[in-house]
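S.K.: Going down the list, the sequences are from chains A and B.
Just so we're aligned, residue 981 is where the first sequence starts under the working numbering, counting upward by one.
Just so we're aligned, residue 981 is where the second sequence starts under the working numbering, counting upward by one.
Treat each hint with caution, since some may be false.
Which copy? The list can't say, so a pair holds if one copy fits it or any two copies do.
Here are the simulated DSS-like cross-link-like pairs (lysine-lysine), alpha carbons at most 27 Å apart as the crow flies [claimed, not checked]:
hint, residue 1, residue 2
1, LYS1155, LYS1063
2, LYS996, LYS1155
3, LYS1130, LYS996
4, LYS1130, LYS1040
5, LYS1155, LYS1234
6, LYS1086, LYS1234
7, LYS1260, LYS1234
8, LYS1086, LYS1130
9, LYS1234, LYS1063
10, LYS1260, LYS1130
No wet-lab data here; the hints were simulated from the structure.
Number of protein chains: 2
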Amino acid sequence: MAFDRLYGGIEAGGTKFVCAVADGLNHFLEESLFNTTSPAETFQQVIHFFQPHTTSGRIKTIGLGTFGPLDLDPQSATYGFIKATPKPGWSNTDMIGPLQRELGVKIKLDTDVNAAALGEFACGASAGFDPSLYITIGTGIGGGYLKNGKPLQGLVNTEMGHVRIPHDFERDPFKGCCPFHGDCLEGLASGPAIQGRFDEAAETLPDDDPFWDLEAEYLAYALMNYILVLSPRKIILGGGVMQRDFLFPLIRRKVQETLNGYVESRSLLENIETYIVPPKLGNRSGVIGALVLAMSAES
Amino acid sequence: MAFDRLYGGIEAGGTKFVCAVADGLNHFLEESLFNTTSPAETFQQVIHFFQPHTTSGRIKTIGLGTFGPLDLDPQSATYGFIKATPKPGWSNTDMIGPLQRELGVKIKLDTDVNAAALGEFACGASAGFDPSLYITIGTGIGGGYLKNGKPLQGLVNTEMGHVRIPHDFERDPFKGCCPFHGDCLEGLASGPAIQGRFDEAAETLPDDDPFWDLEAEYLAYALMNYILVLSPRKIILGGGVMQRDFLFPLIRRKVQETLNGYVESRSLLENIETYIVPPKLGNRSGVIGALVLAMSAES
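Next up, chain A with everything else stripped away, as it sits in the complex (with noise of 0.2 Å):
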C-alpha cells in the first residue's frame, strides 16, 4: 500500500492556490490552499507541499490548471509561459520549469478553466454529458468546452468570455472594462465590469439592485451564442459571479426568451432547470480537473 501511485492537482488561480495530493479523484490524502503572492514565493509554497511526494517517488505527474492568458502552443518557445498579465510579477512567468525542476515529475498543463470543466466532467455537474461547457464568470469570463472529454484544441486556446454581444447604451450607458475590446462580455459582465459601474465590489451589490437584471440579458445572450455554435449538452456556470444563486433562474428565463423557442430541445424548452447549473463540486472542480490531467498523462 505505502508505494502506490499518488496523483498531485494544482489549481493556480490569481488569488490564491490550491494544491492536492490523491489516489483518486474523490479521495484526497491531503490538500492545501494559500495566496497567491510572488511566482518565486508561490513556487516555493508549491514545492514545499509535494516534495514529501514526489521524492518518495509516489508522485511522478502533477497537473496544472493556472490562470492566464496562458501559452499553450507545444511550438512556442515559450510553451506554458504566462503571457502579459495585469497580475504583478506574473508576465512572462514559467509556469512549468521550476516546479519540474526543483520536484522532477512531469507537469501536465492546461487552463483553469478548461481543468474545471474536466473536473466537473469526471465527477460533477456534466459527468456522462457529450460535448459539455464550463463558463466562470469571476475576475474575468472563461470558458472550457469539452468535446469526447477533452478540451477543444485549434488554432490558439479558446477564449470566449471575449465575444460581443448586444449592448444598449441607452439602458446601460457603461463603456465596457476589457482593455482589448471595451464591451465584450468580459467587458460588461464580469466582476470588475460590475464594480466599474457602482464603485463597489460585485459582492456588495444587493440581490434586489435592478442591475442584476441587466447582467443576466448580457451572459443570455452569451450563453445563446455559444449554444448556437457549440451545442452543449450541458452547461456549468461558476465563478465568483456565479455565487448569486438567484441569477440562475433570471439567466434560464432569458435564454429561452433570446432563443425564442428556435432550438427545439426539451434541455432547453422543459429542462432548462437541469440543462443550466452550478458547478457539482463547488470550489474544487479546478483542483479535482487538476487531478484528471495527471492521471490522464500517465495512462
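Knowing the structure of chain A, use the given hints to seat chain B on it.
M.R.: Chain B in isolation, oriented as in the chain A frame:
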C-alpha cells in the same frame, strides 16, 4: 472496369438541386442541375438521374447535403425530415424515404453547409486545416464546423447563423428580419436582410453603397465570436452575398480591428488573406461534400 463502384451526391438547395455521379471527388461522370420545384416533382428528377446507376448496382450510397431546418436527431421519428420552412410545399418533407424506396440505396444525410464544409476540407480551401469552418451567407446564414474532419455533433444541429451581435440602431435602424430573433446575424446580414433595407435585391445593390461597410462589420463581429469560441484554422465564406469579392478585404480588416490583437496568431495578425478565404470549389463545394458523405458511409 465496368463494375467499379460509383458514388452519388446531391446538393439539395432551396433554389436548385445539383446531382452528380462520380468515381472520385475530382472526377464526375455525370452532373445535373435543376430548379427546386415541388418535392414530388423534384424527387422525380433526382430519381430519373440516378436510376441507371442504382439499377446497375454501381451506386449503393448517395450522399445528400440539404437545405433545412433539418431534423438530424437519429432518435427522432422524423429524422431526415425538413422542419417548418417558408419554402412552399417543403415543410415536413421526408428527404430520405422516397429516395431510399425508389432507388434502393442508402442515403447519407447532412445539412447543406456541413456538406460544403466537408467538400472544401476534402479537396478545397480548408484541406489540411483542422478544425475548419465554412460559413454561407445567402438566403440564410449557416455554418459547418469540422473537427477531425467531422461535423460537430452536439445537443442539436448547430445554428450559428443566428448568433446575437452588437447592433447600433442609430446607425442602422433596420429591425432585422429573423422571424425568431429579429436582429440576430441572419436577421441583419443575410440576403433578405439586405433586401429588407433597400427594396432591392442584394445582387443589384451597387459595390460602392456605404451599406457594405456595415455588412462587413456585422460579419466581422460574428467571425470574431466564432474564432474565440471555435478557434478554426481556416475560415471559408461562401454563399450568394459573398459573390461580392470586395467584401473579403473589408471583412478581414474589420476582424483584425475588432479582435484588436487579442488572438496572438500569425493567421490573424499577418496572414489573414489566407485565413479568411472564398471556397476553392466554387459552387461545387456542396455536391462534392455530398460525395464525401457517400464515400464515408461505405468505408
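S.K.: Each hint: holds or not?
M.R.: Verification of the hints:
1. LYS1155 x LYS1063: within (25 Å within a copy, 41 Å between copies)
2. LYS996 x LYS1155: neither (30 Å within a copy, 46 Å between copies)
3. LYS1130 x LYS996: This pair counts as within: shortest intra-copy Cα distance 25 Å, inter-copy 40 Å.
4. LYS1130 x LYS1040: Result: close within a single copy only, 22 Å intra versus 36 Å inter.
5. LYS1155 x LYS1234: both (23 Å within a copy, 20 Å between copies)
6. LYS1086 x LYS1234: So LYS1086 and LYS1234 fail the 27 Å test inside a copy (44 Å) and across (42 Å) alike.
7. LYS1260 x LYS1234: Classified as within: same-chain Cα gap 23 Å, cross-chain 41 Å, threshold 27 Å.
8. LYS1086 x LYS1130: within (19 Å within a copy, 33 Å between copies)
9. LYS1234 x LYS1063: between (35 Å within a copy, 25 Å between copies)
10. LYS1260 x LYS1130: Close inside one copy (19 Å), not across copies (31 Å); limit 27 Å.
Hint violations for this structure: numbers 2 and 6, all remaining hints satisfied.
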